[in-house]
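Here is how the chains run, residue by residue.
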Amino acid sequence: MIQMYNVSKIFDNGVKAVNDVTLHIPKGDFLFLVGPSGAGKSTLSKLIFREELATRGKVLFNKKNVARYKGKEVPLLRRNIGMVFQDFRLLPKKNVFDNVGFTLQVTGKGRREIKKSVPAVLKMVGLENKSEMFPKQLSGGEQQRACIARAIVNRPPLIIADEPTGNLDPVTSRDIMSLLLDINRRGTTVIVATHAWDIVNSMRQRVVALSAGQVVRDEEKGAYDRCR
Amino acid sequence: MIQMYNVSKIFDNGVKAVNDVTLHIPKGDFLFLVGPSGAGKSTLSKLIFREELATRGKVLFNKKNVARYKGKEVPLLRRNIGMVFQDFRLLPKKNVFDNVGFTLQVTGKGRREIKKSVPAVLKMVGLENKSEMFPKQLSGGEQQRACIARAIVNRPPLIIADEPTGNLDPVTSRDIMSLLLDINRRGTTVIVATHAWDIVNSMRQRVVALSAGQVVRDEEKGAYDRCR
Amino acid sequence: MSLDNLTYYFREAFSSLHRNFWLSWASIGVIIISLLILGSSALVVINARCLADQIESSVEISVFAEEDISESELDELGDKLKLVNGVDSVEFVSSSEALEKLKESFGEKKEALDGLEERNTLPDSYQVKTVDTSLVSGVAENIEQMQGVEKVRYGHGVVEKLMKMTSWARMAGVVLVLLMSIAAVFLIATTIRMSIFSRQYEIEIMKYLGATNFFIRVPFFLEGMILGTAGGLVSVALLFLGYHGLVDKVNSAFSFLQLVGGGQLINYIFVGLVLLGAIIGAVGSSIPVKRFLKV
Amino acid sequence: MSLDNLTYYFREAFSSLHRNFWLSWASIGVIIISLLILGSSALVVINARCLADQIESSVEISVFAEEDISESELDELGDKLKLVNGVDSVEFVSSSEALEKLKESFGEKKEALDGLEERNTLPDSYQVKTVDTSLVSGVAENIEQMQGVEKVRYGHGVVEKLMKMTSWARMAGVVLVLLMSIAAVFLIATTIRMSIFSRQYEIEIMKYLGATNFFIRVPFFLEGMILGTAGGLVSVALLFLGYHGLVDKVNSAFSFLQLVGGGQLINYIFVGLVLLGAIIGAVGSSIPVKRFLKV
Ligand SMILES: Nc1ncnc2c1ncn2[C@@H]1O[C@H](COP(=O)(O)OP(=O)(O)OP(=O)(O)O)[C@@H](O)[C@H]1O
Ligand SMILES: Nc1ncnc2c1ncn2[C@@H]1O[C@H](COP(=O)(O)OP(=O)(O)OP(=O)(O)O)[C@@H](O)[C@H]1O
Ligand SMILES: [Mg+2]
Ligand SMILES: [Mg+2]
Numbered sequence: 000m001i002q003m004y005n006v007s008k009i010f011d012n013g014v015k016a017v018n019d020v021t022l023h024i025p026k027g028d029f030l031f032l033v034g035p036s037g038a039g040k041s042t043l044s045k046l047i048f049r050e051e052l053a054t055r056g057k058v059l060f061n062k063k064n065v066a067r068y069k070g071k072e073v074p075l076l077r078r079n080i081g082m083v084f085q086d087f088r089l090l091p092k093k094n095v096f097d098n099v100g101f102t103l104q105v106t107g108k109g110r111r112e113i114k115k116s117v118p119a120v121l122k123m124v125g126l127e128n129k130s131e132m133f134p135k136q137l138s139g140g141e142q143q144r145a146c147i148a149r150a151i152v153n154r155p156p157l158i159i160a161d162e163p164t165g166n167l168d169p170v171t172s173r174d175i176m177s178l179l180l181d182i183n184r185r186g187t188t189v190i191v192a193t194h195a196w197d198i199v200n201s202m203r204q205r206v207v208a209l210s211a212g213q214v215v216r217d218e219e220k221g222a223y224d225r226c227r
Numbered sequence: 000m001i002q003m004y005n006v007s008k009i010f011d012n013g014v015k016a017v018n019d020v021t022l023h024i025p026k027g028d029f030l031f032l033v034g035p036s037g038a039g040k041s042t043l044s045k046l047i048f049r050e051e052l053a054t055r056g057k058v059l060f061n062k063k064n065v066a067r068y069k070g071k072e073v074p075l076l077r078r079n080i081g082m083v084f085q086d087f088r089l090l091p092k093k094n095v096f097d098n099v100g101f102t103l104q105v106t107g108k109g110r111r112e113i114k115k116s117v118p119a120v121l122k123m124v125g126l127e128n129k130s131e132m133f134p135k136q137l138s139g140g141e142q143q144r145a146c147i148a149r150a151i152v153n154r155p156p157l158i159i160a161d162e163p164t165g166n167l168d169p170v171t172s173r174d175i176m177s178l179l180l181d182i183n184r185r186g187t188t189v190i191v192a193t194h195a196w197d198i199v200n201s202m203r204q205r206v207v208a209l210s211a212g213q214v215v216r217d218e219e220k221g222a223y224d225r226c227r
Numbered sequence: 000m001s002l003d004n005l006t007y008y009f010r011e012a013f014s015s016l017h018r019n020f021w022l023s024w025a026s027i028g029v030i031i032i033s034l035l036i037l038g039s040s041a042l043v044v045i046n047a048r049c050l051a052d053q054i055e056s057s058v059e060i061s062v063f064a065e066e067d068i069s070e071s072e073l074d075e076l077g078d079k080l081k082l083v084n085g086v087d088s089v090e091f092v093s094s095s096e097a098l099e100k101l102k103e104s105f106g107e108k109k110e111a112l113d114g115l116e117e118r119n120t121l122p123d124s125y126q127v128k129t130v131d132t133s134l135v136s137g138v139a140e141n142i143e144q145m146q147g148v149e150k151v152r153y154g155h156g157v158v159e160k161l162m163k164m165t166s167w168a169r170m171a172g173v174v175l176v177l178l179m180s181i182a183a184v185f186l187i188a189t190t191i192r193m194s195i196f197s198r199q200y201e202i203e204i205m206k207y208l209g210a211t212n213f214f215i216r217v218p219f220f221l222e223g224m225i226l227g228t229a230g231g232l233v234s235v236a237l238l239f240l241g242y243h244g245l246v247d248k249v250n251s252a253f254s255f256l257q258l259v260g261g262g263q264l265i266n267y268i269f270v271g272l273v274l275l276g277a278i279i280g281a282v283g284s285s286i287p288v289k290r291f292l293k294v
Numbered sequence: 000m001s002l003d004n005l006t007y008y009f010r011e012a013f014s015s016l017h018r019n020f021w022l023s024w025a026s027i028g029v030i031i032i033s034l035l036i037l038g039s040s041a042l043v044v045i046n047a048r049c050l051a052d053q054i055e056s057s058v059e060i061s062v063f064a065e066e067d068i069s070e071s072e073l074d075e076l077g078d079k080l081k082l083v084n085g086v087d088s089v090e091f092v093s094s095s096e097a098l099e100k101l102k103e104s105f106g107e108k109k110e111a112l113d114g115l116e117e118r119n120t121l122p123d124s125y126q127v128k129t130v131d132t133s134l135v136s137g138v139a140e141n142i143e144q145m146q147g148v149e150k151v152r153y154g155h156g157v158v159e160k161l162m163k164m165t166s167w168a169r170m171a172g173v174v175l176v177l178l179m180s181i182a183a184v185f186l187i188a189t190t191i192r193m194s195i196f197s198r199q200y201e202i203e204i205m206k207y208l209g210a211t212n213f214f215i216r217v218p219f220f221l222e223g224m225i226l227g228t229a230g231g232l233v234s235v236a237l238l239f240l241g242y243h244g245l246v247d248k249v250n251s252a253f254s255f256l257q258l259v260g261g262g263q264l265i266n267y268i269f270v271g272l273v274l275l276g277a278i279i280g281a282v283g284s285s286i287p288v289k290r291f292l293k294v
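These protein sequence lines map, in sequence, to chains A, B, C and D. Read in order, the letters of the first sequence correspond to residues 0 to 227 in numbering that gives the first Met the number 0. Read in order, the letters of the second sequence correspond to residues 0 to 227 in numbering that gives the first Met the number 0. Read in order, the letters of the third sequence correspond to residues 0 to 294 in numbering that gives the first Met the number 0. Read in order, the letters of the fourth sequence correspond to residues 0 to 294 in numbering that gives the first Met the number 0.
The reader is advised that the hints may include incorrect statements.
[Stated by the list, open to error] EDC-like cross-link-like pairs, simulated, lysine to aspartate or glutamate; straight-line CA separation at most 20 Å:
#, chain 1, residue 1, chain 2, residue 2
1, A, Lys108, C, Asp3
2, D, Lys293, B, Asp28
3, A, Lys71, C, Glu96
4, B, Lys63, B, Asp97
5, C, Lys289, A, Asp86
6, B, Lys135, A, Asp86
7, B, Lys93, D, Glu11
8, C, Lys293, A, Glu131
9, A, Lys15, A, Asp28
10, A, Lys93, C, Glu201
11, C, Lys289, A, Asp28
12, A, Lys15, B, Glu219
13, A, Lys63, A, Asp28
14, A, Lys108, A, Glu72
15, A, Lys93, C, Glu203
16, C, Lys293, A, Asp28
17, B, Lys92, C, Glu203
18, A, Lys220, A, Glu72
19, A, Lys92, D, Glu11
20, C, Lys293, A, Glu72
21, C, Lys79, C, Asp67
22, B, Lys92, C, Asp3
Read the hints as simulated data drawn from the structure, not as lab findings.
The whole structure should be built from the sequences, with the hints applied where relevant.
What follows is the structure, given as structure tokens:
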């Protein structure tokens, strides 16, 4: 589903966030992206999402170079990707229901469908009682879960979750990870950038480790780090 | 240093975030605040910080009811508290150096002192190379560390860190926690709201567990939860 | 565009007006004031032009026939005058009519002229109006050369000054309305732009969630149109009431100064203001969104 | 306030102007346009008042003595007139001077009056000017009752109309400038308020970091003052150049219509505009901050 060939990202201020990464992610994969703070995990996700464009190299999504998506096509690319942003990015003036429903709204889904799908997804992440609340009125973990609900509600073929459990307690974290794994089992490709070493270690999925923008490890059934 | 007597916080929309909490935190304490997502940890911190006012009950800081701080005194209260916000709250149009220096600036510190203190603190959190960068240009973990640097730079008598390691890898997380413990050993009272069960368990400090706004456990040398 | 989308667009527009309450009111305020200023200038200009027209149309050439001319020759002269290029109308004023007119123009002092009736030295004349004020001097020269014409008179310097002044007033009017339009457009567009500026964050997120530019912009377009139309209607209402109050007062107070009381042009202005408000609102709201869509 | 703080405040103000580049320019644009509109209205009003003054000062009362009055009584009457309350000046106009004046006012048609010289029926008169136009009718009545006065005349209806019109013009002027001031203040304050609106998040954070309200507001105050002063200076410069260009053109084109070319009042307006800009900028920037400080 995703191929990266010698991808580098150098920001305006000269920071080399991603450095010559070559990576293949087949359809149906479940992949943990790990690495120390500032290793380039979020930047790598943004390259797939076309939030940033690669300085060098090629990023292919469904065999098409994402840099080739122009103007009107960019939204079509993004509708294929359910993104859990590290900084949440909830719409501040919409309540939880409308925030989650927004991804359905943009694809022109009718109100009936929205009214059916959204509550179901909110229930999955444990926010069934918060649908009328605005982002500002939510706790950190609740915002994070709203963000996860929004990413999965329109059943995209790819989900990228950037640190989806950073504000969640261990129990909820595990629930969320099981949810993602469940979605993966039904055919969705899932990429999770995370620092939750305990979960990574217990789930035994593919692990790609980044360090200073480079892939330093890529193991099937891997662990958070070699030593453990 | 902090006394809470039967404190409750009910938000406009009827949510009872903190429910009849009585809690004493002596000067020099190191306290972990734990509990599931939405338990009321952040709200409790905000009550001390006077970001929110208690609906019922009294919150005393240095023996003075925080509700009694009016107008011009509120800043004086806040200068005594180094706060690591769960949502960071970095000033978007100032670079890291100026963000961290701001807490010194507001107390009227001279430029010479700022130029001396800030780089030292940035080094402690590992951001010595990022001082010219703006919040938008930082990774999630880097923003979090900038926020921690800002909270400790003016050596306040109380530090409240709300989920300070949610975006940090295990190694950096441990470094930050040791830093906080170090600061605590020099006499600063430290409150850490966190989900990092591994760190809580290994550090064996006082643990206050919240659930649905109520204190359900308060143990010296406690653990993240009873079962482990 | 399905019905679902359409209701979504309108719901969004209205709830955004509601959520951005203060910004909406501030924008409407600015729209009202800008359009009021523009509308008032337009009304002033219309009245100035109308006054200029009145002044100009009162510029006439007096043609005095030779004293020894016969009655029939005099008539003939009148007919010939009508054929001169640029002449609009010709009116015969007899010696006694001239005295009447003179007395009239004296107003309260007219008894000073009482003695004149017995030996009226005022000659007969033709009063010639030209099609356009700029033709006066040319026509006058032509007439002077005609047979049977003793003397031609028109307010030489005065006419030229008047003409200058009225054409100035017209030009100044056009410039004023143009400048005011630019100012109004700038003010309204800037205000709306600012209010959208504060929503940059939202717009970018929507783009990240796979919304098309069109999808994001339509509610802004509608919102701006609603704001602009509302502002336009309020300012036209205020202008209408204010202006008609003024017209009533002025027209009854000064019989010699009559304001344009109504008519096509003024209605056009009122309709134009509402349209202008709606258009700047709609376009001004959807254009600035563009710069935040490039993510 | 230490030097460190002072430099901080100024550094903050300037770097904020720089960082909020677009908002700063938009605000300056709005300030310039608002002050230009206000300034132009003020100039129009000044000129209208000046014109009104000229018209009013030309309103006189003609006092005609009884026909059988002696030379010395006539002189005496003149002296008495000077003592009437409200009278500014008294001028004797003999019968022949009156005819001259009349002829003059006839302009090109004056030969029509040629016959009058032989039997001049125009009486001698005193031309009385009053201190203030509103006194004309009162003074005239008083004079009428004086001994030796045959008749008093002043342009009854006309004078009253003129007075009405000039006092109207004055009032309308005051109203116009007042309305324009309100509009300018509203426009500028709203714009600056909006630009601060988009910085709500920053202001709140500063408050959470222990900054005092004063500390947060001073840079906004300075920033607004800089914006306002800059906008004021630009608009005054434009107004100065534009107005003087206009005065030159108009005063040379129309000898009968003279614009106020300079003087104290106009300088006051220019200085006033810059001050107004600075004040609204400074106050308008620091007041709206207040609502975000309540955290
Ligand atoms: N817009 C930007 N401009 C400049 N530098 C940037 C920008 N975004 C990120 N960086 C830099 O690129 C590096 C990688 O950032 P990235 O956000 O990908 O890290 P990360 O692996 O997600 O870290 P974390 O776990 O802390 O979120 C960091 O050093 C960061 O400072
Ligand atoms: N401003 C608010 N208005 C209404 N409800 C609120 C507000 N802030 C918080 N709440 C509610 O209060 C409860 C406690 O929130 P709080 O942020 O204290 O939780 P928390 O323990 O910090 O959770 P987390 O670990 O997810 O950050 C939540 O259910 C939340 O929805
Ligand atoms: Mg990241
Ligand atoms: Mg919290």
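Worksheet item: Among the hints numbered above, which are violated by the structure, and what are their numbers in rising order?
Response: Violated hints: 2, 3, 4, 5, 8, 9, 11, 12, 16, 18, 19 and 22; rest satisfied.
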